[in-house]
Amino acid sequence: MQFDNIVPLRWPSGPLEIARREKSAGFDAQARQTLERWHDPAALEFLKGTAIDCIVISWAAGLAADAEQQRTAAPLIEAAKRLNLAVVGWGEGTADHNTAIAAAQAAGLTAVAIHGLRGKPEYPVIAWSERTDVPWDSTAPAVAIGDGVWPGVAPSSGGGGSSSAGPTGVPWLDSNGWYIQMARVRLQAPLWVVFDPPTPPAVVPAQSYVKAICDTETAGGRWLITLDDKLRADLAAGTTAGWKDIAAAAGFFKAHPDWKAYRSLGLVGILSDFEGADFDLSGEILNLMARRDLLFRVIWKSQAQGTEQPFSGLKALVYADAKPPEPALRRKITAFVEQGGLFVTGQEWGKAGVPKPPNFETQFDVFAVGKGRLAIAKAALDDPYQLAAETQLLLSHRNDLVKIYNSPSAGCTRYTASPDGKTALLQCLSYADSRWAGLRTIWVRERYPSTRLWTIDTPPAALEAHPSEEYAGVEYRLPEKATQAYLALEFERQRT
Amino acid sequence: MNRRQFVSGLGAAGVALIQPAGMRAAAPTAPVAIAKCKSYGDEYLAATAKMFDQLGGLGRIVKGKTVTIKINLTGVENARQDYLPQGRTIWTHPRTVGTVIHLLDKAGARRIRVVEGAWMWPASLEEFMWKAGWDPELLLGAAPRVELVNTNLPYKGKQPYTRFPVPQGGLLFPAYDLSSVYAESDVLVSMNKIKEHGTAGVTLSIKNLFGITPTTIYGNKVPKDQPAPRPYAGRTDIGHMGNRQPPSSSLPEKDPGSPRQAGYRIPRIVADLAAAAPVSLALLDGIDTVAGAELPRPGTTVAISPGVLVAGLNAVNTDAVAMAVMGLDPMADRGKVPFETCDNTLRLAEELGVGTRDLGRIEVVGASIKDVVFRFRDYGGPRQRRLPGNRPAA
Chain A
1 MQFDNIVPLR
11 WPSGPLEIAR
21 REKSAGFDAQ
31 ARQTLERWHD
41 PAALEFLKGT
51 AIDCIVISWA
61 AGLAADAEQQ
71 RTAAPLIEAA
81 KRLNLAVVGW
91 GEGTADHNTA
101 IAAAQAAGLT
111 AVAIHGLRGK
121 PEYPVIAWSE
131 RTDVPWDSTA
141 PAVAIGDGVW
151 PGVAPSSGGG
161 GSSSAGPTGV
171 PWLDSNGWYI
181 QMARVRLQAP
191 LWVVFDPPTP
201 PAVVPAQSYV
211 KAICDTETAG
221 GRWLITLDDK
231 LRADLAAGTT
241 AGWKDIAAAA
251 GFFKAHPDWK
261 AYRSLGLVGI
271 LSDFEGADFD
281 LSGEILNLMA
291 RRDLLFRVIW
301 KSQAQGTEQP
311 FSGLKALVYA
321 DAKPPEPALR
331 RKITAFVEQG
341 GLFVTGQEWG
351 KAGVPKPPNF
361 ETQFDVFAVG
371 KGRLAIAKAA
381 LDDPYQLAAE
391 TQLLLSHRND
401 LVKIYNSPSA
411 GCTRYTASPD
421 GKTALLQCLS
431 YADSRWAGLR
441 TIWVRERYPS
451 TRLWTIDTPP
461 AALEAHPSEE
471 YAGVEYRLPE
481 KATQAYLALE
491 FERQRT
Chain B
1 MNRRQFVSGL
11 GAAGVALIQP
21 AGMRAAAPTA
31 PVAIAKCKSY
41 GDEYLAATAK
51 MFDQLGGLGR
61 IVKGKTVTIK
71 INLTGVENAR
81 QDYLPQGRTI
91 WTHPRTVGTV
101 IHLLDKAGAR
111 RIRVVEGAWM
121 WPASLEEFMW
131 KAGWDPELLL
141 GAAPRVELVN
151 TNLPYKGKQP
161 YTRFPVPQGG
171 LLFPAYDLSS
181 VYAESDVLVS
191 MNKIKEHGTA
201 GVTLSIKNLF
211 GITPTTIYGN
221 KVPKDQPAPR
231 PYAGRTDIGH
241 MGNRQPPSSS
251 LPEKDPGSPR
261 QAGYRIPRIV
271 ADLAAAAPVS
281 LALLDGIDTV
291 AGAELPRPGT
301 TVAISPGVLV
311 AGLNAVNTDA
321 VAMAVMGLDP
331 MADRGKVPFE
341 TCDNTLRLAE
351 ELGVGTRDLG
361 RIEVVGASIK
371 DVVFRFRDYG
381 GPRQRRLPGN
391 RPAA
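Chains as they are written, first to last, in the numbering used here: chain A, 1 to 496; chain B, 1 to 394.
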């Protein structure tokens with residue numbers, strides 16, 4: 001079974017899930033009834049005709065109810081198989097790994113997901129972990145990573161119902177995109193991202209689910225779709241309003257598996273070992289750059305060391321790890337700077353070159369080195385916000401590849417190219433309702449022979465490029481309806 | 001509301017009671033030129049050059065002088081009216097700036113500085129332009145000795161800020177601390193669109209001056225005792241609402257008991273600035289603009305093309321003529337179109353002796369007002385529809 005393009009849906013049901021939840025706040029008779037009804041094979045009905053091709057059922061948690069769960073799930077598993085659905089058992093808590101795997105094998109599950117599993121069992125086991133303990137070198141059919149956030153514009157802490165903003169007014173977006181991009185560069189296996197919808201009293205509209213799917217998929221991951229109690233209760237009762245939008249979004253990305261292999265066209269490289277405190281700082285830099293739409297490319301130090309020209313195509317490189325790079329890597333960085341690149345790093349690198357201060361207040365001393373520049377922090381690198389903001393200024397917006405107009409609460413834009421270089425893809429997200437913002441325009445520096453607009457709910461359409469009136473590049477005028485959470489421009493780079 | 005607030009809130013009517021008629025009559029006047037113009041290329045160059053000639057020639061104003069062009073890049077850099085670039089709707093058009101730089105240089109200007117306090121922008125004006133989708137090199141290359149200055153940052157001269165006292169003591173503040181680039185200026189040029197404004201009724205050459213107040217001093221979140229090292233936010237707290245005073249290093253408001261209403265405060269701040277930092281040349285662009293408000297607001301603003309330019313050597317005179325071109329009455333009091341919820345900035349500036357708004361006292365050269373009038377209130381969205389009694393006859 002290949003997990004590359006599976007669309008999984010978390011399927012909480014049965015005695016184990018009831019045992020797990022019955023002592024938690026807010027667990028009431030309706031919640032119990034929903035878990036019971038979802039254990040009934042009839043509950044699978046709403047999946048028919050959708051892209052969902054995998055259910056992830058509660059399987060083992062180290063509780064007394066584990067055995068009863070596995071026994072009573074048999075009809076559900078059989079029904080799922082008849083619908084050509086893969087069935088994955090979800091193991092967590094103190095569940096004994098070997099017991100859970102054996103039970104899954106006996107029950108004919110497609111695979112089992114085991115929290116914290118190391119090793120290489122013969123039976124298909126999806127490795128799942130938190131962000132702090134990812135088995136990066138796993139050969140599992142898929143890797144599931146928890147600790148995800150619910151994507152969207154963070155609620156304001158200042159009252160008034162407005163969206164919150166950072167020091168310069170950029171709306172505070174919660175997104176997993178930066179992390180997924182980072183993980184995808186390192187992992188060999190498909191990445192499942194695990195996070196739950198907000199709990200009551202929050203109401204989770206269908207469009208919020210769509211954003212969660214888009215945020216994950218745009219970055220190259222796959223969300224283990226997890227529905228809130230209210231929606232699951234509605235679906236169990238046969239009410240499918242909103243579900244169609246969620247299923248459509250899942251189906252859209254399932255139809256574009258090749259996009260996940262596309263590589264970032266970002267001009268800024270973030271080089272790190274992404275471990276411990278280095279992960280905390282470099283991860284937050286990625287997060288903040290994504291929110292600013294500063295297009296980046298993740299470079300794991302281990303991969304850079306094994307690559308002859310790891311920085312080709314970049315104009316800037318950020319290195320914020322505490323430990324200076326090893327001599328061989330330092331030589332590659334130095335060559336990058338001398339050939340015209342900008343290198344932003346901490347004091348440990350050491351000052352070199354001719355002072356070349358920029359025309360704004362900055363936390364960096366900037367030096368000209370060869371054809372490039374070296375930006376050395378004046379003090380300890382401990383402010384990722386400033387680092388992200390100033391890297392963008394040091395690089396200069398004159399190098400922007402993309403600009404998006406009338407798209408409030410946008411961010412985490414991805415601009416990628418196919419491995420063969422023939423196609424470029426610009427995926428744009430909007431985390432708030434942007435219908436009020438008016439018609440959207442996207443400016444792109446490069447002129448492409450042809451462009452198609454993709455949205456989730458409409459067929460692809462050719463899009464005309466208009467030369468920019470006041471600037472270089474071209475502009476794409478998006479139709480009025482293109483104000484949804486997601487859209488993509490697919491560019492033909494070379495005529496075939 | 002106490003009596004003082006009541007009298008203040010009366011706006012024009014209230015002040016007219018205490019304003020000597022002779023003061024209005026004595027307010028300065030200078031010719032204002034009007035030109036029909038449909039585009040921003042060669043036609044704009046020819047029309048502008050002709051207007052400058054009609055005003056007596058640019059050379060006599062700028063030769064050997066340091067000229068500061070205050071452009072207008074209001075709002076955020078990524079908001080547009082529909083698909084149109086901001087220069088066609090809400091901002092100064094970049095090609096008009098390039099053209100005027102060229103003409104100023106030709107007329108003998110010694111040094112030309114293009115300035116703006118780009119909203120919350122912590123870096124150079126050049127960088128803001130790149131971000132917004134302008135090519136600043138077109139401006140920097142339009143003549144020798146051109147500089148771009150973000151006046152929201154501390155000026156990198158002898159001193160970052162210079163105090164500009166308001167003649168007659170000021171209406172809201174007795175003095176304003178502005179970027180010292182303005183102190184080094186011999187000639188201040190105001191270049192912006194002819195537009196309506198949600199708070200001030202209209203936004204013309206003197207309203208453009210609201211943006212000369214540095215947000216390091218008059219912006220939200222500034223320190224209590226000194227200017228912020230970089231701008232953090234817009235001017236809502238101190239400027240619009242009066243929720244707080246500027247840092248103690250600058251002078252506070254004259255009367256903290258005055259109304260905390262934007263419609264009272266903004267016109268007074270603008271009038272103060274027009275008196276403290278007088279505009280020597282006002283150049284208003286009504287080729288393409290918007291009606292309904294000053295910023296893109298779907299459902300309220302609409303893009304329009306009046307095809308007109310207005311220029312003058314006195315900003316209040318120029319604005320008065322521009323209002324007439326918009327189909328509006330520059331003599332209107334508070335409560336009347338377009339000052340339904342604010343005081344008339346032109347009246348306040350007139351009272352400070354900046355210039356007359358009385359069309360009967362202003363010489364109009366070039367095209368006539370009636371030939372170019374374009375009634376803005378016939379356009380725009382719900383804001384106007386909510387005020388049916390205020391719509392002028394078509």
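Since the hints were derived computationally from the structure, they do not count as laboratory data.
All values reported here derive from a predicted model rather than from experimental measurement.
Treat the hints with care, since some could be wrong.
What the hints assert, rightly or not - Pairwise CB distance ranges, derived in the manner of DEER restraints:
| id | chain 1 | residue 1 | chain 2 | residue 2 | range |
| --- | --- | --- | --- | --- | --- |
| 1 | B | G41 | A | D4 | 50 to 58 Å |
| 2 | B | D225 | A | Q305 | 44 to 52 Å |
| 3 | B | A46 | A | A380 | 56 to 64 Å |
| 4 | A | E469 | B | V373 | 22 to 30 Å |
Said to hold, decoys possible - Where chain A lies over chain B, by a calculated footprint (3+ residues, C-beta under 8 Å):
| id | segment |
| --- | --- |
| 5 | 100 to 112 |
| 6 | 277 to 284 |
| 7 | 334 to 344 |
Claimed, not checked - The calculated EDC-like cross-link candidates involving lysine to aspartate or glutamate, where the alpha carbons are at most 20 Å apart (straight line), are:
| id | chain 1 | residue 1 | chain 2 | residue 2 |
| --- | --- | --- | --- | --- |
| 8 | B | K131 | A | E348 |
| 9 | B | K131 | A | E338 |
| 10 | A | K323 | A | D382 |
| 11 | A | K323 | A | E361 |
| 12 | B | K156 | A | E361 |
| 13 | A | K356 | A | E338 |
| 14 | B | K370 | B | E340 |
| 15 | B | K158 | A | D382 |
Ideal Cβ placement from N, Cα and C applies to all residues, glycine included.
Evaluation of the provided hints:
1. G41/B and D4/A have their C-beta atoms about 55 Å apart, which keeps the hinted 50 to 58 Å range intact.
2. The supplied range of 44 to 52 Å is met by D225/B and Q305/A, whose beta-carbon atoms lie about 51 Å from each other.
3. Against the hinted window of 56 to 64 Å, the Cβ-Cβ separation of A46/B and A380/A comes to about 59 Å, which satisfies the hint.
4. At about 28 Å, the CB distance of E469/A to V373/B agrees with the hint of 22 to 30 Å.
5. With 0 residues having a beta carbon nearer than 8 Å to a beta carbon of chain A, the segment 100 to 112 of chain B misses the requirement of three or more and the stated coverage is violated.
6. Under the rule that three or more residues need a Cβ within less than 8 Å of chain A, the assignment of the segment 277 to 284 of chain B is violated, with 0 such residues.
7. Interface restraint, the segment 334 to 344 of chain B with chain A: violated (0 residues with C-beta to C-beta distance below 8 Å; minimum three).
8. Between K131/B and E348/A the CA atoms are separated by roughly 32 Å; this puts the pair beyond 20 Å, and the hint is violated.
9. Among the hinted pairs, K131/B with E338/A is inconsistent with the structure: their alpha-carbon atoms are about 27 Å apart, more than 20 Å.
10. Using a Cα cut-off of 20 Å, the hinted pair K323/A and D382/A holds, with the two alpha carbons roughly 14 Å apart.
11. Between K323/A and E361/A the alpha-carbon distance is near 27 Å, which puts this suggested pair outside the 20 Å criterion.
12. For the hint linking K156/B to E361/A, the alpha-carbon distance of about 11 Å falls within 20 Å, and the restraint holds.
13. For the suggested pair K356/A and E338/A, the alpha carbons sit about 15 Å apart, so the restraint of at most 20 Å is met.
14. The straight-line distance between the Cα atoms of K370/B and E340/B is roughly 24 Å, outside the 20 Å bound, and the hint therefore fails.
15. For the suggested pair K158/B and D382/A, the alpha carbons sit about 33 Å apart, so the restraint of at most 20 Å is broken.
The structure fails to meet hints 5, 6, 7, 8, 9, 11, 14, 15 from the earlier list, while all remaining hints are met.
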